[in-house]
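Each chain is listed here by its residues.
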Amino acid sequence: MNAPALETRGLSRRFGGLIASDNVSLKLERGARHALIGPNGAGKTTLVNLLTGTLRPSAGAVLLDGEDVTGLASHARVRRGLARTFQINQLFGNLTPAESLCLAIGERLGHGGRALVSAGQDKAVVLEATELLERFGLTDAMDQKTRRLAYGKQRLLEIALALACRPRVLLLDEPAAGVPENERADILAALAALPADVTILLIEHDMDLVFRFARRISVLVAGRLLMEGEPKQVAADPQVRAVYLGESGHD
Amino acid sequence: MSAIAAPDRVAAHLNRGGRWRPFEIAFWLAIVALIFALPSRALLINEILLAGLFALSLDLVLGYAGIVSLGQAAFFGTGAYAAGIIATLGVAEPLIGLVLASVIAGLLGLITAPLLLRGSDLTRLMVTLGVALLLGELANRNEWITGGADGLSLAAKPVLGLFPIDFTGQRNASLYSLAVLFALFVAARRLVQSPFGLSVRALKENPLRANALGVSAARRLIAIYGIAAAYAGASGALVAQTTGLVSLDVFDFHRSADVMLMLIIGGPGYLYGGLIGAAFFIALKDGVASATPEYWEFWIGLPLVVLVLVGRERIGGFIARWARRAALLAMRGAA
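Residue numbers (the numbering used here), protein chains in the order written: chain C, 1 to 251; chain G, 1001 to 1335.
If you are wondering where the hints come from, they were derived from the structure by calculation, not from laboratory data. Everything numeric in this text was worked out from a predicted model, so none of it was measured. Cβ atoms here follow ideal geometry from the backbone N, Cα and C, with glycine treated the same way. Accuracy of the hints is not assured; some may be wrong.
Claimed, not checked - Which residues of chain G face chain C? A few of them, derived with a C-beta cut under 7 Å, are: (1) A1006; (2) P1007; (3) V1010; (4) G1018; (5) R1190; (6) L1191; (7) Q1193; (8) S1194; (9) F1196; (10) L1198; (11) E1205; (12) R1209; (13) V1215; (14) S1216.
What the hints assert, rightly or not - Quick look at which bits of chain C chain G covers, simulated, 3 or more residues with Cβ under 8 Å: (15) 79-93; (16) 103-109; (17) 115-122; (18) 131-143.
Next up, chain C with everything else stripped away, as it sits in the complex (with noise of 0.2 Å):
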């Protein structure tokens, strides 16, 4: 495949006079690694939100594998293989993490619809939540429901609801945030373990994730692209270490 996993062209979103987006192409390879920071209310959320189709467009467009999916609804993007976590946990509270799983996967495959058979009778997608639940360590958890998990497992199985899409394409919308220092292992070696041929697109604050993670970082200031490129060049980047990394104190 010659065409980028992800991309956008002109990207840019206004609410009112704010310009939230404002001309942002960026061109994701399959299996990237890449990080996009940037200081507060610097456009992360409204770009994700824009990649995902939670908003619209002013102007511009979105494409997954070269084609143009910038009309299409969110749930339609997902099926063409577009993931996302979320910064703020999105879970279902009273469902278990094996029954949230069994319906990420189920929809998936397209069985969603059935409405006659227990989800449980679904062999393939009851293997496949077996093994996800087992990479993120949720299984002696399964059957609890998923309010009354730990903060830090509940964020395992954020992570563990986007891959069970099987994205192409994942956005991860700061998946360390809030996790407490003692929990956070299991979030760095999720991320590792990610499979090598998703393209990963991570939105951070923490610094010390994002250099450790990615590969290429591109930098968003008020909405703008600053710069991309290696992480060795961003940090090196006097420009940005003056709008960002000097604010947020990391050397």
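Since chain C is already given, all that's left is putting chain G on it; use the hints.
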């Protein structure tokens, strides 16, 4: 970790709702026993069963899909009138009338469901209420087919040509209602633990995430609303067939409100809530009304307020806990 047995554990967990627990078997057998033990209360039992079916329909909509509705009577009434009209057209078999009536109500549900996809709970309350009012007025105006204010009276023929369900066969009537209720309950039980049921529950829990997993909210909500409408239609049709009467009050607001009360009392979201709530509500109403015919509404209102203020606890949950404790004691006794 038992890696070998893991898929079986996951499957067993997902299928857990399918196992019939002793409590459930006892519940249904008790109804059959009541019908035979209390022939003089057959009418009341029938009323409870049909209100329970109606509440089950609301449970699918409110308890599982999270769609608040104050107009479930729209489908109840449609089912009742459809069954009445079908009978007056000369279709003798009640089962055929029942199926047709609930299909018609279900179709009406599918048609009106798109109105509920946008907006808040408040708009949904208003829209569902409005649809029921509209249908009530339509029934009032179209006297030529509905009988207008006089209503329709129908002489239901025996079910399958064998079991009379009119006033000569009140026990048959409640057995007929019970059979239909049970069949639809089993179907609902399957439905809520199917992949479709999971997706509907997920949409209630977190529509944003459900969407991000590829669930198409509109389709699923329209489908569950249509199914619930068919359930409500079935209960309306059964009321028409077993009482032999359809009048304009089938579309009344109080029906939608009562069924909501029943469901809340019994507890939404676990299928039995509507049945238990209906039994509680109607038995209470019946008991109070015969004790103090003048002020019965006061004595209905009081326990409801107390229930909400003090208990904040559904009756069903209480019974389930009590049953579990009894089972535990019995097990200990056996050991």
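Just to be careful: measuring from the Cβ of R1190/G to every Cβ in chain C, is the smallest value less than 7 Å?
Holds - the Cβ of R1190/G comes within 7 Å of chain C, reaching about 6 Å at its closest.
Quick check on the hint: V1010/G CB to chain C CB, less than 7 Å?
Where the cut-off is 7 Å and the nearest Cβ of chain C is about 5 Å from V1010/G, the hint holds.
Given G1018/G as an interface hint, is its Cβ closer than 7 Å to any Cβ of chain C?
holds (5 Å)
Against chain C, is S1194/G within 7 Å by beta-carbon distance?
holds (5 Å)
Chain C contact restraint on R1209/G - CB to CB distance below 7 Å:
holds (4 Å)
Hint check, Q1193/G versus chain C [nearest Cβ-Cβ separation less than 7 Å]
Because about 5 Å separates Q1193/G from the closest Cβ in chain C, which is inside the 7 Å limit, the hint holds.
Agreement of hint F1196/G with chain C interface, Cβ distance less than 7 Å
Hint on F1196/G: holds, closest Cβ of chain C at ~4 Å, below 7 Å.
V1215/G as chain C interface residue, shortest Cβ-Cβ below 7 Å
holds (6 Å)
The stretch 115-122 of chain C covered by chain G? Criterion: 3 or more residues, Cβ-Cβ distance below 8 Å.
With 8 residues closer than 8 Å to chain G, the stretch 115-122 of chain C meets the three-residue bar; holds.
So, as I understand it, the hint says L1198/G touches chain C; can you test that by seeing if any CB pair is closer than 7 Å?
holds (5 Å)
Closest C-beta approach of A1006/G to chain C relative to 7 Å, hint status:
holds (5 Å)
Cut-off 8 Å, C-beta pairs, minimum 3 residues; does the coverage of the stretch 79-93 of chain C by chain G stand?
holds (count 8)
Of the numbered hints stated above, none is contradicted by the structure.
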